[in-house]
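If you read the sequences in order, they're chains H and G.
No gaps in the numbering here: position 195 of the first sequence is 195 in the working numbering, and each next residue is one more.
No gaps in the numbering here: position 66 of the second sequence is 66 in the working numbering, and each next residue is one more.
Calculated directly from the structure, the hints in this document are not laboratory data.
Treat the hints with care, as some may be off.
As the list makes no split between identical chains, a pair holds if one copy fits it or if it spans any two.
Pairs of lysine to aspartate or glutamate, DMTMM-like flavour, derived with a Cα cap of 25 Å [stated by the list, open to error]:
1. 179 - 141
2. 13 - 65
3. 13 - 170
4. 179 - 109
5. 179 - 78
6. 13 - 64
7. 13 - 141
There are 2 protein chains.
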Amino acid sequence: MRVLVPFDARRPKTRLSPVLSESERHAFAEGLLADVLAALAETPQEPTVLATAPVEVSVSVEIDERPLTQAVNAALSEADGPVAVVMADLGLVAPAALERLFDAGRVADVAIAPGIGGGTNALVVDHPDFRVDYHGVSYRDHRERARELGATVETVDSYRLSVDIDDPGDLPELLLHGKGEATAWLREAGFAITGAGERRIELERSETESGP
Amino acid sequence: MRVLVPFDARRPKTRLSPVLSESERHAFAEGLLADVLAALAETPQEPTVLATAPVEVSVSVEIDERPLTQAVNAALSEADGPVAVVMADLGLVAPAALERLFDAGRVADVAIAPGIGGGTNALVVDHPDFRVDYHGVSYRDHRERARELGATVETVDSYRLSVDIDDPGDLPELLLHGKGEATAWLREAGFAITGAGERRIELERSETESGP
Numbered sequence: 001m002r003v004l005v006p007f008d009a010r011r012p013k014t015r016l017s018p019v020l021s022e023s024e025r026h027a028f029a030e031g032l033l034a035d036v037l038a039a040l041a042e043t044p045q046e047p048t049v050l051a052t053a054p055v056e057v058s059v060s061v062e063i064d065e066r067p068l069t070q071a072v073n074a075a076l077s078e079a080d081g082p083v084a085v086v087m088a089d090l091g092l093v094a095p096a097a098l099e100r101l102f103d104a105g106r107v108a109d110v111a112i113a114p115g116i117g118g119g120t121n122a123l124v125v126d127h128p129d130f131r132v133d134y135h136g137v138s139y140r141d142h143r144e145r146a147r148e149l150g151a152t153v154e155t156v157d158s159y160r161l162s163v164d165i166d167d168p169g170d171l172p173e174l175l176l177h178g179k180g181e182a183t184a185w186l187r188e189a190g191f192a193i194t195g196a197g198e199r200r201i202e203l204e205r206s207e208t209e210s211g212p
Numbered sequence: 001m002r003v004l005v006p007f008d009a010r011r012p013k014t015r016l017s018p019v020l021s022e023s024e025r026h027a028f029a030e031g032l033l034a035d036v037l038a039a040l041a042e043t044p045q046e047p048t049v050l051a052t053a054p055v056e057v058s059v060s061v062e063i064d065e066r067p068l069t070q071a072v073n074a075a076l077s078e079a080d081g082p083v084a085v086v087m088a089d090l091g092l093v094a095p096a097a098l099e100r101l102f103d104a105g106r107v108a109d110v111a112i113a114p115g116i117g118g119g120t121n122a123l124v125v126d127h128p129d130f131r132v133d134y135h136g137v138s139y140r141d142h143r144e145r146a147r148e149l150g151a152t153v154e155t156v157d158s159y160r161l162s163v164d165i166d167d168p169g170d171l172p173e174l175l176l177h178g179k180g181e182a183t184a185w186l187r188e189a190g191f192a193i194t195g196a197g198e199r200r201i202e203l204e205r206s207e208t209e210s211g212p
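Could you put the whole structure together from the sequences, leaning on the hints where they help?
As structure tokens, then:
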């Protein structure tokens, strides 16, 4: 199975700009990518990073400067067999969740791990005509597209695949459940869970002498 | 396995008061409870609703007027074997996710399905001294308590168990993935997904002639 990890190496994690500077966003995004690759390394699959610019990782990198949807669709159109697409910001991803994704991809034409908020955080496509569109409520749109094609769909029920670290409200999940580089980076940058008002978590950033 | 579904029949879903009236919150909460009971009905377990006041359901009901934590701990202290506690507002729960919870409860002293935001949405306790505390970041606290007791812990990785329908921001998840009574109620009450700004969903409530 071809496994792609799309990564925006140019302007990563812009929605974290309220809490992280540009250089911090680069460092944090690279931590998330490293965590995703580390989880993939514990599966039998060998991923390729599909990046908008060169990035230093231990796996192969293909450069495609186009936006996410176009770059992934180009890869799908060239594919000769199943293709998995795993987002680079799934900071909680674990090998077992990825195995469930790959297993679902073996039994269905399209396997989708939905993200909180209606995104498509990971999918496996094994249908020649299926194309992605990551804009809008892509989980719903991808199901609809599969239905139009008569393609079978499996949904992967994973909390770890459902959390993409996209905006400040996602950071508490990482602090609570994460164990990788991005989580360590975040702690070193001064972020911590301070408690919970009602049942939601409050996030606090303390002063650090210098960034991590 | 004893399976408890705690339900606040008096003041349910107060955090939805920005978008639902009191009588609507009662109707919606009963829809969520019905959906949880319907999912449990497709497992081999027979649940008991642990309610603060009488409620009409098709399973047995035990009345305990005390707050959630105290009522659950009273049940745990009287237990003679494993006890599962499944929240009544898990509107996306499905039998397969519950089976995974029960399976985890069979191999560990404490099995926990974390909620988004650090809550404990479902757990199975098979340890005489473990007690719950649903206040604050209970997922973290329950893990810590298990560690102190030397109890083994399994975490259940399920998106469907991670989503509790607690505040207005949770409603889109239900509209996207739900299939039960609560989802139907919500649609009839005029709620719909209108699209997505960036990648998050926007929720809209249209005027309806009368409430559902």
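Now the hints, each set against the structure:
no.: 1; hint: 179 - 141; in the structure: between (32 Å within a copy, 17 Å between copies)
no.: 2; hint: 13 - 65; in the structure: within (16 Å within a copy, 47 Å between copies)
no.: 3; hint: 13 - 170; in the structure: both (12 Å within a copy, 23 Å between copies)
no.: 4; hint: 179 - 109; in the structure: between (32 Å within a copy, 23 Å between copies)
no.: 5; hint: 179 - 78; in the structure: neither (35 Å within a copy, 36 Å between copies)
no.: 6; hint: 13 - 64; in the structure: within (18 Å within a copy, 47 Å between copies)
no.: 7; hint: 13 - 141; in the structure: within (23 Å within a copy, 30 Å between copies)
Violated hints amount to a single one, hint 5; each of the other numbered hints is respected by the structure.
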